[in-house]
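Undergrad: Let the sequences and hints guide you as you build the complete structure.
Residue-level listing of the chains:
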Amino acid sequence: MTDTTASGTPGGELRLTFPITDLDALRELRAGQTLRLDGHVIGIRDATQIAMFDRGETPAMDLTGAVLIHTAPNVRKLGPGRYEKVCIGTTTSARMNRFTRGLMEQYGVRAIIGKGGLLADSLPVLEKFGGVYLAITGGAAALETTQIEEIEAVEFEELMPECLWRFRVRDFGPLVVAMDSHGVSLYEQISAGARAKLEELVARF
Amino acid sequence: MPATNQVPAHAYEAVEEAAMQLYIRALKVLPPDLKAALARARATETDESGRRFLDIMLENVEVAERDENLVCQDTGTVVFWLEIGEGCAFNLARVNAAVKRGTERATVEHPLRPNAVHPLTRKNTMTNTGRHLPAMHYEFVTGSAEDGPSLPGAAVPADGLKIHCLPKGSGSENMSFLKMLIPADGVAGVKRFILECIVEAGPKPCPPTIVGVGLGGTADLCAALAKRAVLRPLGTHNDDPVVAALESELFAAANELGIGPMGLGGRTTVLGVNIEHAHTHITQNPVAVNLQCWAARRASAVVTPAGDVTYGF
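Heads up: the sequence lines are chains A and B, in that order. For the first sequence, the numbering used here begins at 99 and goes up steadily by one. For the second sequence, the numbering used here begins at 469 and goes up steadily by one.
Take every hint as true, because none was put in to throw you off.
Listed next, the stretches of chain A that the computed footprint assigns to chain B, with coverage defined by at least 3 CB atoms under 8 Å from CB atoms of chain B:
#, segment
1, 189 to 195
2, 208 to 220
3, 229 to 236
4, 272 to 278
5, 288 to 294
Keep in mind that the hints were calculated from the coordinates and are not lab data. Being a predicted model, the structure only gives us computed values, none of them experimental. We treat Cβ as the ideally placed atom computed from N, Cα and C, and that holds for glycine.
TA: Here it is in structure tokens:
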């Protein structure tokens with residue numbers, strides 16, 4: 099990988115630092131690979147993206163080469179615009195599927211962390227922009243919180259808790275490349291298998 | 469049996485405190501039956517991805533207890549299920565208000581993530597309470613077969629009550645289904661619908677899930693029964709052997725679907741199938757499915773009219 103500081107670890111996990119500067123760097127990733135991240139992860143959620151794309155409100159934060167995470171964190175307010183983490187975990191991505199293209203095309207985002215997957219119609223978007231969808235363990239927020247060092251910035255505070263958050267992370271993961279830029283979605287594969295099995299089971303009833 | 473006006477004010481304060489503590493406890497410490505089920509699933513899972521996700525889930529449960537942190541950031545829509553003793557001395561209107569205050573205090577004082585919004589304006593109340601929230605259910609412990617057995621665990625005192633708190637995360641609550649089946653659909657139609665819901669939900673409700681099923685009644689009752697089913701500990705069965713057999717059959721079938729932990733493959737798709745049933749109309753057979761994520765949070769407390777509180781799961 100070019101300038102993404104990716105390197106193998108004994109556990110077979112790749113390491114990446116975000117934001118990335120070469121926007122094509124993630125094209126090398128393949129579904130099934132496991133990653134850990136350092137650097138910055140940007141928290142975003144339903145209301146944030148409705149504000150950005152349906153109401154045209156542009157955040158000041160630069161999202162070029164960023165990795166986003168679908169989250170509305172549990173926080174404690176310290177002062178104006180300052181928050182400390184209480185519990186930060188990941189929400190269901192499918193609700194926010196329709197914003198994938200805008201994030202990659204208009205804002206230069208290249209990776210989205212979530213759980214449950216984006217829908218199949220996001221695969222051509224990932225293919226066009228060299229993006230990936232990274233699956234985290236949903237519900238494992240206590241562990242995830244220990245990997246977030248600090249909340250560095252927040253925008254759209256009026257949407258609390260669905261603001262735009264900048265988290266500094268260390269050893270963030272493990273994350274599984276569940277959708278890559280080569281047309282592969284592990285979710286689609288599993289879903290196809292489950293539907294076939296369902297028909298087999300029903301035939302037995 | 470003491471009259472209602474003999475319950476001292478501090479007993480209602482105890483109810484408020486219990487509601488507050490139950491909400492926070494439920495979010496932080498998972499019930500033993502659930503932890504055991506996750507460990508069993510880890511021991512039997514054959515898929516590499518499935519094992520890895522189950523390992524992280526089990527690690528997360530430990531980290532939450534070690535750090536006294538929330539298991540999951542989603543503090544949920546709060547559901548309270550109250551079992552009322554047959555000779556309950558409490559004024560239930562005051563109990564209802566006390567539980568709501570406890571929910572607000574937990575949210576503000578801990579603090580917990582506020583999730584309750586108006587359905588059209590989306591304005592957040594910032595308290596996890598609001599119009600008709602938390603969701604409150606009441607049932608009466610009478611010993612009559614038609615009222616069904618009380619929920620497992622500590623007994624409900626005849627003159628008191630037991631409060632169950634179920635903070636329901638949106639990832640799983642969004643995966644709720646109701647279908648008004650008809651007699652011609654038969655039992656096979658019931659089985660098919662429940663499995664279809666699990667497949668349709670796929671990775672979204674954070675599998676392995678607990679599948680809460682309501683069977684029979686009316687549309688509203690059926691949906692409530694599905695939620696009650698989620699409150700039943702894993703390893704317990706419906707007291708009707710016909711229904712219990714369906715629970716076991718669907719548990720085995722669901723774990724053949726291959727959805728697996730976090731929906732990325734494996735044999736552990738569900739941790740249990742719990743069914744609660746009611747008699748229904750001759751022309752209908754409603755089925756409701758309420759999925760519960762692997763981080764299946766619940767806590768309960770018994771409260772006496774003297775204000776004594778005993779916590780459990």
